[in-house]
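Protein chains in written order, with numbering that gives the first Met the number 0: chain A, 0 to 63; chain B, 0 to 140.
Wrong hints could be hidden among the right ones.
No farther apart than 25 Å at their CA atoms in a straight line, the calculated lysine to any residue pairs in the SDA-like style are these [unchecked claim]:
# : chain 1 : residue 1 : chain 2 : residue 2
1 : B       : K13       : A       : N1
2 : B       : K23       : A       : R11
3 : B       : K13       : A       : M0
4 : A       : K36       : B       : E83
5 : B       : K89       : A       : R11
Which residues of chain B face chain A? A partial, calculated answer using Cβ under 10 Å [claimed, not checked]:
#  : residue
6  : G8
7  : E9
8  : R11
9  : K23
10 : S25
11 : G71
12 : S72
13 : L74
14 : L75
15 : C79
16 : D80
Which residues of chain B face chain A? A few of them, derived with a C-beta cut under 7 Å, are [claimed, not checked]:
#  : residue
17 : L12
18 : L113
19 : E116
No lab work stands behind these hints: they were computed from the structure. Glycine included, every Cβ here is placed at the ideal spot set by N, Cα and C.
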Amino acid sequence: MNNRLRVLRAERGWSQAELGGQLGVSRQAVNAIETGKYDPSLPLAFKLARLFGLAIEDIFHDDQ
Amino acid sequence: MTTSDQLSGEARLKQREQRIWAIKGSLFVVGMVTGGIVGYLVADSGFSADARWPASLAVGLVVTYLAAIGIGSWLLRELCDEVERQLQYKATTTAGLFYIIAYPVWFVLWKGGLLPEPSHWQLFLGFYAALLASYLFYRYR
């Protein structure tokens, strides 16, 4: 699954640690999501969407 | 007093990491103290394969071990995020797979006279080696 997380984070000038702290996850977790190594759970995806004020599908999209 | 909600994300993350390291540090101290006590009590012959340990020492070690594992896991579970949890699940599954393959194979080869009797120490250490190797693999691949 691809995502725009790195771009959205950069637009707000947040570090991975800042985003991780706001989400309640580690910096490594943010990195794993950004690089596509880990697909977040639905609760975490909703949390991300709320934080950025977007819909989940505006952040994540599948490869097909 | 500053509440967690008033802190920046980075400060909250730092606070969380400090808690995690405090728990890990406490478990390390418990392990060192316990190991020191065991070493002091049975240093003369307690580490030979045939040596018996006092029952009170054995019970004390089991209680300490179960308390440390139980309380430590519960506290860390509260602070652990879903990525870390998935890493732990994968590593534990790989290590379990190592054990359920290694033990029967070794047992059967021992029965066939091809290997010495299975060593619980080596199986235990092998389990931990598989746990560590698979954790590092999934984390840094």
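Results for each hint:
As the CA atoms of B/K13 and A/N1 are separated by approximately 28 Å, the hinted pair breaks the 25 Å bound. Between the alpha carbons of B/K23 and A/R11 the distance comes to roughly 34 Å, so the proposed pair goes past 25 Å and is violated. For the hint linking B/K13 to A/M0, the alpha-carbon distance of about 29 Å lies beyond 25 Å, and the restraint is violated. Of the pairs offered as hints, the one joining A/K36 and B/E83 holds, with about 13 Å between alpha carbons and a cut-off of 25 Å not exceeded.
For the suggested pair B/K89 and A/R11, the alpha carbons sit about 34 Å apart, so the restraint of at most 25 Å is broken. Evaluation of the B/G8 hint against chain A yields a held restraint, the C-beta minimum of about 3 Å falling below 10 Å. Among the interface hints, the one on B/E9 holds; its C-beta lies about 5 Å from the nearest C-beta in chain A, closer than the 10 Å criterion. This hint holds: B/R11 has a C-beta 4 Å from the nearest C-beta of chain A, less than the 10 Å allowed.
At a threshold of 10 Å, the smallest CB-CB gap from B/K23 to chain A is about 14 Å, leaving the interface hint violated. For B/S25, the shortest C-beta to C-beta distance to chain A is roughly 20 Å, which exceeds 10 Å, and the interface hint is violated. This hint is violated: B/G71 has a C-beta 18 Å from the nearest C-beta of chain A, more than the 10 Å allowed. The criterion of a C-beta within 10 Å of any C-beta in chain A is not met by B/S72, whose closest approach is roughly 18 Å, and the hint is violated.
Given hint, B/L74 at the interface with chain A, is violated; its Cβ is 16 Å from that chain's nearest Cβ, farther than 10 Å. Among the interface hints, the one on B/L75 is violated; its C-beta lies about 13 Å from the nearest C-beta in chain A, farther than the 10 Å criterion. A hinted interface residue such as B/C79 counts as satisfied when its beta carbon comes closer than 10 Å to some beta carbon of chain A; here the least separation is about 9 Å, so the hint holds. About 4 Å separates the beta-carbon of B/D80 from the nearest beta-carbon of chain A, less than 10 Å, and the hint is met.
Interface hint at B/L12: satisfied, since its Cβ lies 4 Å from the closest Cβ of chain A, which is below the 7 Å cut-off. The interface hint given for B/L113 is broken, as the beta carbon of that residue sits about 42 Å from the closest beta carbon of chain A, more than 7 Å. Look at B/E116: its Cβ only gets to about 42 Å from chain A, farther than 7 Å, so that hint breaks.
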